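Chains as they are written, first to last, in full-length UniProt numbering: chain A, 1 to 626; chain B, 1 to 626.
If you're looking for bench data, these hints aren't it; they were derived computationally from the structure.
Misleading hints may appear alongside valid ones.
Since the list gives no way to pick one copy over another, a pair counts as held whenever it fits inside one copy or between any two copies.
[Stated by the list, open to error] As a list, the in silico SDA-like pairs of lysine to any residue whose alpha-carbon atoms are at most 25 Å apart: (1) Lys268 <-> Gln202; (2) Lys268 <-> Gly197; (3) Lys358 <-> His266; (4) Lys358 <-> Gln202.
Here the structure is a predicted model, which means the values were calculated and not measured.
There are 2 protein chains.
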Amino acid sequence: MTDQKAAARPIGPDSDLEQVFELAQQLRVDSVRASTAAGSGHPTSSLSAADLMAVLMARHLRYDWQQPKNPANDHLIFSKGHASPLLYAMFHAAGAVDEQELMTTYRTFGARLQGHPTPVLPWVDVATGSLGQGIAYGVGIATAGRDLEHEPYRVWVLCGDSEMAEGSVWEALDKAGQRNLPNFVAIVDVNRLGQRGPTELQWDTEAYARRVEAFGCRALVVDGHDLQSVDRALTTAADGQGPTVIVARTVKGQGVPEVADHEGWHGKPLPPDLAEHAIAELGGVRHLTVRGPRPPEAAPRPPMAATAPMDLPHFQLGDEVATRVAFGKALVAVGVRPDVVVLDAEVGNSTHAEDFGKAYPDRYFETYIAEQQMIASAVGMAVRGYRPYAATFAAFLTRAHDFIRMAAISQISMALSGSHCGVEIGADGPSQMGVEDLAMMRAVHGSTVLYPSDATSAAALTAAQADLDGISYLRTTRGAYPVLYGPDESFPVGGSKTLRQSGDDEVTLVGAGVTLHECLAAADALAGEGITARVIDLYSVKPVDADALARAARDTGALVVAEDHHPEGGLGEAVLSALAARHQGPAFAHLAVRDLPGSGTAEELMDAAGISRTHIADAARRLASG
Amino acid sequence: MTDQKAAARPIGPDSDLEQVFELAQQLRVDSVRASTAAGSGHPTSSLSAADLMAVLMARHLRYDWQQPKNPANDHLIFSKGHASPLLYAMFHAAGAVDEQELMTTYRTFGARLQGHPTPVLPWVDVATGSLGQGIAYGVGIATAGRDLEHEPYRVWVLCGDSEMAEGSVWEALDKAGQRNLPNFVAIVDVNRLGQRGPTELQWDTEAYARRVEAFGCRALVVDGHDLQSVDRALTTAADGQGPTVIVARTVKGQGVPEVADHEGWHGKPLPPDLAEHAIAELGGVRHLTVRGPRPPEAAPRPPMAATAPMDLPHFQLGDEVATRVAFGKALVAVGVRPDVVVLDAEVGNSTHAEDFGKAYPDRYFETYIAEQQMIASAVGMAVRGYRPYAATFAAFLTRAHDFIRMAAISQISMALSGSHCGVEIGADGPSQMGVEDLAMMRAVHGSTVLYPSDATSAAALTAAQADLDGISYLRTTRGAYPVLYGPDESFPVGGSKTLRQSGDDEVTLVGAGVTLHECLAAADALAGEGITARVIDLYSVKPVDADALARAARDTGALVVAEDHHPEGGLGEAVLSALAARHQGPAFAHLAVRDLPGSGTAEELMDAAGISRTHIADAARRLASG
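Could you put together the complete structure from these sequences and hints?
Listed below in structure tokens is the structure:
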């Protein structure tokens, strides 16, 4: 096969496997070239999976590369995100990324071809690179396809073998099996070598297969470099008979004898001379293009508009209602929006998420006690345009911290709710008390953190979550406390409520959730002593109402913040940061990573984040002259 | 059998199974009594496992109840910590907890019989209540027993069936199987009903068995109420032939027909009249005592003292050395202490933990990419008196957040290290950047957070971690930066270093890690403009050097803090909190949960934490009069 001939006719479903092999070799060559040009990356992890991906994209992946938003497109997730050279080589072969971009921008500052894939690229659904996650997102997307959208797309996930040690993988396969998802296929690239040496199971493909089958999925064991076997397995996997995991025995660095199955080559580009030699061994640079199977024609889809006005629950002033109860009732009201879905981790009767399940059983998903998979399923559904709400105890959201962090990098919009926050829960003891959740959720990139004190505000903020960009978090309380606000009150995100105020306030009391009720009681006690106190309901913890806080600091000269959370990273530090930003307190500048970083050198990224020497000097100049 | 007769002779290995059944009924009765008296708790989850635990404690658990620190004692972990009524009823039967304590203090404020067990009780190794964790800690303890201590003790873990959906369970069983731990036995109480209804697999005990076997453990399926079968299974499990999981089919609420196998009874005490009826059905109150098998005589153990002086690595001033490299070298030096063990999650060549592995292979544990199990194994080893260091990328420690949180409740002392923090890592992109870890680790109860800027301080602080109580965290940087300190410098926890200082400083620059180097460069630039800047190395983020910061705020009137971390919960907010505590800035009081809470009512716990109305009023009075 000559370059000319291949260039003339794209590789596709009708191409023979010899042609597909040429495509695989091109993917290898381009993986080597891109990573050597970048001076970093994971070529050997790309080489092991090149045959698998060549067969997939030529013959099985139904994808319209010109229209990544086509709702009938299959989904392809690289759970082994470090194999980004391979993924980007595929994009190149599909005509989506040109030679120039692949060879000069990979892993550079400001480029969309980052070290690990993110949805900055239109063909990427979710950010990967924290291993054991891609397969979990795939289950979420496949669930959306079968159970919500009824679209015929399939979800293909490429996994590494090292990541099969992550428990999250087994939470995911358990759900794939339990839900019997016919549109879910995982392909495990068993190349035997992890970052620092042999993997736990090395080439024991039968052990992987036994585990997969025990978790309710079909396992197909293949030689990942035998294109015919791979093709057969992919055909079987797509037969709609149930969730499938292809366990492919491969060689890390396949095609380049100098590195193939050698330890010490993980995450290392080939040096230029070895790269040149390897490219020659692989048959040189090719210019093949791919035109794989087209997705089926998608039926036009009606917009997901609300079927009725959203009728939020009303609560009587003074009635004692738990905010988690209000959350459940508000969810039912929000359910008039057909894009809203709710996920539970087997505590829906405690969080009150199950109220939604009773009203809208088709949009309620029980993930049992598997918080990582609950979040991953929510992310997968958000990828498909749904607005997920996922709820568990605030304490148990820590189990999914890495998934929440990655969802922020994926720029997912979803609503989380953590119930039973703080020591307020009482008898169950510290294991059930969320006293770290505000710190965790505030530090998530682009997050919104809400902490209502009464049922009216809890319901309003639950509804507000449906329209917030990014990851929003609603913290709810176990116990019932008096309703403070009437039905016409509004609760803008970033606002606050001043509940007590006079011209001669001597101190400001700031609370949220249960502590607001304590603040009100304290103000009453103080009033009896002739001390007038301002009281602020800081229901929006991030963003926080810096205006109201600065005004209170100025007017009263003294603030008391009470929070049912560890002192670090919660309400108190949110207040201090707001005051410092308004120059209340000592002159103070705070430089930190505030935007979502991409790839680049350390210098570039630190400069872009505003934490490098020039920014520090600038801030110091401003303060010194102020 | 009459009460008198039973009271006269303790139940033990020689008792027949009819007597053991009487013990089981006593455990049931006492579970019902204690939870009804408390007005909360999980009696039905206790009833399902009573037969399993009666046989275990009478015939198999080798435990000296008078000497819980006996090193040859078996270990018993209630992974289903909500079955605390059963556990405490066992303690009562063993004579460790008296009738008065069981019946009047359970779940009350200040009591050691908390809602979920914690090591406040001398017979409890680890806090449980976050499901899916106990089995993971058990694997850590069993590993310590076989591989470090060579003690013949066995580890028994009682699990619920709902928690088998947690991925962490499969990380644990994978390790039990891979290490072929003969001293590890898990007993799964398959009672079919979770908190809100049927579990995913209900009574499909064969499905559990297939999964267990696929993960390399022996599975024994039994009827959990057939004492003879249970006894046989426990005998087999203890035969030393490998890790075993007993899959026991049980009935939730067994013995009380009104609730047995009924939904809606999770976490609910029986109302007093039903409790009275149930106690009668169960044969009434008994006063049986248990004297189970004794542990073998433990050989006297030499104290784990250092075998040589700790010889920390020296670095040349100005040489460029990454702090993660210094961490690895320091670990080798710390290794002269035989109690030090190191755990890796397959990135030891990146974190440099593997340096220790090369020097001390017998005390180095590879957990592959399973961060939850890495932390759980560390906790298990700490339970046995070892000093674990566990290291992975800072970003991936988020995967183990819930385990770290629970380890703090267990009052474990261990050292964590997170490498590749911040955007400084460069090309790999955001999935690999730890920019939330300071917020996470600062908010852990009782934690110490360290963030060195050079190799000398990194080595010194790594060594300091070996003697710190609680959970300590060392944040290390990918890149190499100049050595700033000579070998004789000391780095006390809670201290800081002032690197530039003069009588007319106009501003203070505060950094740690990579940003300290940026601060030094900025100070140089400012000096050229005639602006003198103080520079502080804030290597101890928690506790933080409030004296030095307050002095700097007073002297220079202006602070610039730069951190390679999101703005929330990190260095900047640590500084603000320190300044606020020293009355720098507006008068400010910060009330929060600072101590480890136990059980109690909401009112009691909030008052104890100092966040209730009286404390708020007190703080306000102080500020208003100040």
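Please flag the earlier hints that this structure goes against, numbers listed from lowest up. none
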